Amino acid sequence: MSTATDTVNTNPDSHGHDSHDDHHHHIPKGLMRWVLTTNHKDIGTLYLWFAFIMFLVGGAMAMVIRAELFQPGLQIVEPNFFNQMTTVHGLIMVFGAVMPAFTGLANWLIPMMIGAPDMALPRMNNWSFWILPFAFLILLSSLFVEGGGPAFGWTFYAPLSTTYSGDSTALFVFSVHIMGISSIMGAINVIVTIFNMRAPGMTYMKMPLFVWTWLITAFLLIAVMPVLAGVVTMVLTDKYFGTSFFDAAGGGDPVLFQHIFWFFGHPEVYIMILPAFGIISQIVPTFSRKKLFGYASMVYATASIALLSFIVWAHHMFTTGMPVFAEMFFMIATMIIAVPTGVKVFNWVATMWRGSISFEIPMLFAIAFIILFTIGGLSGLMLAITPVDFQYHDTYFVVAHFHYVLVTGAVFSIMAAVYYWLPKWTGRMFDITLAKWHFWCSLISVNVLFFPMHFVGLAGMPRRIPDYALQFADFNKWISVGGFAFGLSQLIFLALVIKACRKKGEKVSSQVWEGAEGLEWEIPSPAPYHTFDTPPTVK
Amino acid sequence: MSDKQMQTEEQTSKAIEGQPKSSASEPKHGKTVAKLLFVVVGMFGFGFALVPLYEVFCEITGINGKTNDEAAVYVPIDVDTSRTITVDFITRTNTGMPWEFEAQTKRVEVNPGEMAQVSFYVKNPASRDIIAQAIPSVTPGTAALYVNKTECFCFKHQPLKAGDEAVMPMTFYIDPQLPDNISFFTLQYTLYDITANADASEVVAMSNAPNIINANN
Ligand code: HEM
Ligand SMILES: [Cu+2]
Numbered sequence: 001m002s003t004a005t006d007t008v009n010t011n012p013d014s015h016g017h018d019s020h021d022d023h024h025h026h027i028p029k030g031l032m033r034w035v036l037t038t039n040h041k042d043i044g045t046l047y048l049w050f051a052f053i054m055f056l057v058g059g060a061m062a063m064v065i066r067a068e069l070f071q072p073g074l075q076i077v078e079p080n081f082f083n084q085m086t087t088v089h090g091l092i093m094v095f096g097a098v099m100p101a102f103t104g105l106a107n108w109l110i111p112m113m114i115g116a117p118d119m120a121l122p123r124m125n126n127w128s129f130w131i132l133p134f135a136f137l138i139l140l141s142s143l144f145v146e147g148g149g150p151a152f153g154w155t156f157y158a159p160l161s162t163t164y165s166g167d168s169t170a171l172f173v174f175s176v177h178i179m180g181i182s183s184i185m186g187a188i189n190v191i192v193t194i195f196n197m198r199a200p201g202m203t204y205m206k207m208p209l210f211v212w213t214w215l216i217t218a219f220l221l222i223a224v225m226p227v228l229a230g231v232v233t234m235v236l237t238d239k240y241f242g243t244s245f246f247d248a249a250g251g252g253d254p255v256l257f258q259h260i261f262w263f264f265g266h267p268e269v270y271i272m273i274l275p276a277f278g279i280i281s282q283i284v285p286t287f288s289r290k291k292l293f294g295y296a297s298m299v300y301a302t303a304s305i306a307l308l309s310f311i312v313w314a315h316h317m318f319t320t321g322m323p324v325f326a327e328m329f330f331m332i333a334t335m336i337i338a339v340p341t342g343v344k345v346f347n348w349v350a351t352m353w354r355g356s357i358s359f360e361i362p363m364l365f366a367i368a369f370i371i372l373f374t375i376g377g378l379s380g381l382m383l384a385i386t387p388v389d390f391q392y393h394d395t396y397f398v399v400a401h402f403h404y405v406l407v408t409g410a411v412f413s414i415m416a417a418v419y420y421w422l423p424k425w426t427g428r429m430f431d432i433t434l435a436k437w438h439f440w441c442s443l444i445s446v447n448v449l450f451f452p453m454h455f456v457g458l459a460g461m462p463r464r465i466p467d468y469a470l471q472f473a474d475f476n477k478w479i480s481v482g483g484f485a486f487g488l489s490q491l492i493f494l495a496l497v498i499k500a501c502r503k504k505g506e507k508v509s510s511q512v513w514e515g516a517e518g519l520e521w522e523i524p525s526p527a528p529y530h531t532f533d534t535p536p537t538v539k
Numbered sequence: 540m541s542d543k544q545m546q547t548e549e550q551t552s553k554a555i556e557g558q559p560k561s562s563a564s565e566p567k568h569g570k571t572v573a574k575l576l577f578v579v580v581g582m583f584g585f586g587f588a589l590v591p592l593y594e595v596f597c598e599i600t601g602i603n604g605k606t607n608d609e610a611a612v613y614v615p616i617d618v619d620t621s622r623t624i625t626v627d628f629i630t631r632t633n634t635g636m637p638w639e640f641e642a643q644t645k646r647v648e649v650n651p652g653e654m655a656q657v658s659f660y661v662k663n664p665a666s667r668d669i670i671a672q673a674i675p676s677v678t679p680g681t682a683a684l685y686v687n688k689t690e691c692f693c694f695k696h697q698p699l700k701a702g703d704e705a706v707m708p709m710t711f712y713i714d715p716q717l718p719d720n721i722s723f724f725t726l727q728y729t730l731y732d733i734t735a736n737a738d739a740s741e742v743v744a745m746s747n748a749p750n751i752i753n754a755n756n
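Chains A and B are the protein sequences, given in the same order. Here the first sequence stands for residues 1 to 539, numbered as in the working numbering. Here the second sequence stands for residues 540 to 756, numbered as in the working numbering.
None of these hints come from the bench; they were simulated from the model. Hints may be right or wrong, so weigh each one.
Said to hold, decoys possible - With beta-carbon atoms standing in for the labels, derived distance ranges: (1) 664/B - 323/A: 33 to 41 Å; (2) 467/A - 599/B: 41 to 49 Å; (3) 455/A - 634/B: 32 to 40 Å; (4) 458/A - 608/B: 37 to 45 Å.
As the list claims (entries may be wrong) - 30 Å max Cα-Cα, derived DSS-like pairs, lysine-lysine: (5) 206/A - 574/B; (6) 645/B - 662/B; (7) 206/A - 570/B; (8) 567/B - 206/A.
All figures in this text were calculated on a predicted structure; none of them were measured in a lab. Virtual Cβ for every residue (Gly too), placed ideally from N, Cα, C.
The shape of chain B in the complex, shown without the other chains:
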């Protein structure tokens, strides 16, 4: 629209040519307008560029508490027995998400470098099949960079048929580089109902799967 705008603008200015306008000559306006439009378009792009910038910034600094969403490969490292880190697990379901969701282990105390496994119990009490996605969040956020998960239910979508229940494992170790001032952090998972946004194939696969009541109780 702005390009057309400029054209009409130039036509207008031609129409009133011959009038002793102040020092300004018309091509001069066109140039200034072009420069300003460049800024406008640039800033519109910048608004969108803020999205990846923010993501990269948070990935580097870890300040929004997100952990890595891909499995870490465990390289055997020396366990730092000189300190123990307390990790709390908190579970939440998003508004409108009917699942029951609970950490079977509420707290672990681990040495940096040591592998730990915890598990979470979920049940779908609703009368419809639901696909869930778990989103982790670490507080304080800076600790997120040092949580290495080798296995996590949050890496994939989690389907559950109506009435089913399941136990979902998570294994992790803490990077010994964890800053000295952190001796305690909280890892929270929030479950979202993403059935509406999931691929049709996933939904079909879920409804064809046999009902399994498999919580190892």
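Bound conformation, chain A alone:
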């Protein structure tokens, strides 16, 4: 992609060079600046901090889970509280950490990458962020309601969430509705921005892959978040208003819940990985000092993954007693998704092939991503084989699978992104020594944490259970040690980010990284509050 511009370099700082920015100069100070802001960079920062805080809160819950599972038997928490921890941990990590982090990156980067002055709908942008903290306050406060918070798993299967759930279920439903509205607004904003605000010359096939993957993700979001809103609403009315969507006694069907949930749920997992693919596709070429191999095939692969993601949902339901034909259909459709995914991995490796690679921190995370995400993809393929899924389903093998794709996949990509663009945001290089510590501690501990889960899973240890059979004790001890180490390693990251925000460290150039290409690397570092008020021309 060629992204050279003619206007930016000569006129890099939009402040004070034009007559129109009088009202821009009233940036309110203090707290109100952040509450009222409609600036895409401010909102991006808010999203990223919010996601980080949620990551730490959800992580603390994971620590409770691993402390309880350190030994067989029940020692630290009650089973009901354990179930609340697994449930809320999952909900927070999915809707509070990974998705808002990607939305934060989208806010910061998409306008800078396509040469737009801001997001298309700045006021809505402010709303879509500021309703999020309330959603999570409601969710977290439900833990303190009598009878406890949601304990039915992040998948809230009926009848666990209808017949057998506690009084706090209404709070759960309400918070999921708010999260949904927030992500739908965010997605609409991304689509409108990309459709209508690209700089002259920025054709679709010149857009950076991060922009492409986010565009496709945004379409997935507006397609499936409303379905999630629908299914939680049905749970609400089944529980409180006497409907029988999922109640067999009243003519409903509990399996229907799973169909609707996973019709949302599988595209949702791609919502959490497509922007990661975009990030890796930005980083690998920079540090390989080569153009991305197979740009067009990357775009098509992303689009076909998104389309296919609508017809594979029942691979989560192989054990519900579907007819053989349906089992075969969903098995084969699922395996077909591995093809475009393989194309992507191939392209990243081909980009590195014979490149002049250097191993800066973002590249370290990107390479770890490629290897570890592939491990997660392979265990996914194993799970896609219907007959063997009968053995693996609801065991720790599934837990290992989705943590490889989500932690060493999505979360590692977010960390890679933060390291890659942080100097652009702050204008200073972050503390590289701390970053190295963070990378290596995370890399080792994350594998100690999640790799043995494959083995205990294959040996039959069920997921979401606070106690386990004695033969799993040794492995679980290691898993917990890995978990605590991974949790602590993230505090290094926290320290590093705080230090970077305090403007410690060496000043960086506008390009920051030697091989970096794209519009965002042509504006000064730190990126000025307003960029591209005059659109650049992309050649």
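Model the placement of chain B with the ligands on the given structure of chain A, informed by the hints.
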């Protein structure tokens, strides 16, 4: 909420007019947003549409094992004596449902087209009156389409006073169109306590009814 959202959005954009925004003109945003909101609303509706779609799909294919919930009319047909089908009956009560529930006939062997009658014994050992609903389920599900019931206790609510017992009949025949590869299937009934959701009139009728101990033993 989203409509209001759009309005505020337009106001905002007016407020920063005069600024040389990139190619985008504001009405263009409004149009795109409207289209996207249409998708959002459509998909919300689609989520709910999945409920009847699923029901119709299962009714046509029978894959969720539900039998028809209305009585079939028996039209005399030729009994296919060339094959016998084994049907097992299994009973279950839902969690929290205190009734005793048992199939008096555990297994029948019938020719397709031949009428068969079986009966189920229930007793309410609890100290309160309870209204029950039985839900059938056939495994393999595809056989469900070929089970024609002319009479079934599952067609209606079944009230039983505390301590009462009863025998509930069910008559059915198997459609001779039953696929050749099925020679055996299981019909399971699950009893649910629906007293809390039943109409008040039903509950009153039940408590006014005389106690009858009528199991034909
Ligand atoms: C090659 C690609 C993939 C294949 C073939 C695949 C296949 C599967 C299958 C068959 C299951 C169901 C296992 C069971 O419950 O028995 C599963 C679960 C799961 N997968 Fe994947 N997967 C793939 C990629 C991904 C990605 C990229 C993500 C997310 C970033 C992901 C996230 C999940 C999650 C969260 C679950 C567990 C959901 C739950 O039950 O809580 N998978 N996967
Ligand atoms: Cu899936």
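Hint check:
1. 664/B - 323/A: 33 to 41 Å: With Cβ atoms ~38 Å apart, the hint holds.
2. 467/A - 599/B: 41 to 49 Å: The hinted range 41 to 49 Å holds for residue 467/A and residue 599/B, with Cβ atoms some 45 Å apart.
3. 455/A - 634/B: 32 to 40 Å: 34 Å Cβ-Cβ, so the 32 to 40 Å window holds.
4. 458/A - 608/B: 37 to 45 Å: At 43 Å between Cβs, range holds.
5. 206/A - 574/B: This hinted pair holds, its Cα atoms lying about 25 Å apart.
6. 645/B - 662/B: Answer holds: residue 645/B to residue 662/B is near 18 Å, not above 30 Å.
7. 206/A - 570/B: holds (24 Å)
8. 567/B - 206/A: holds (22 Å)
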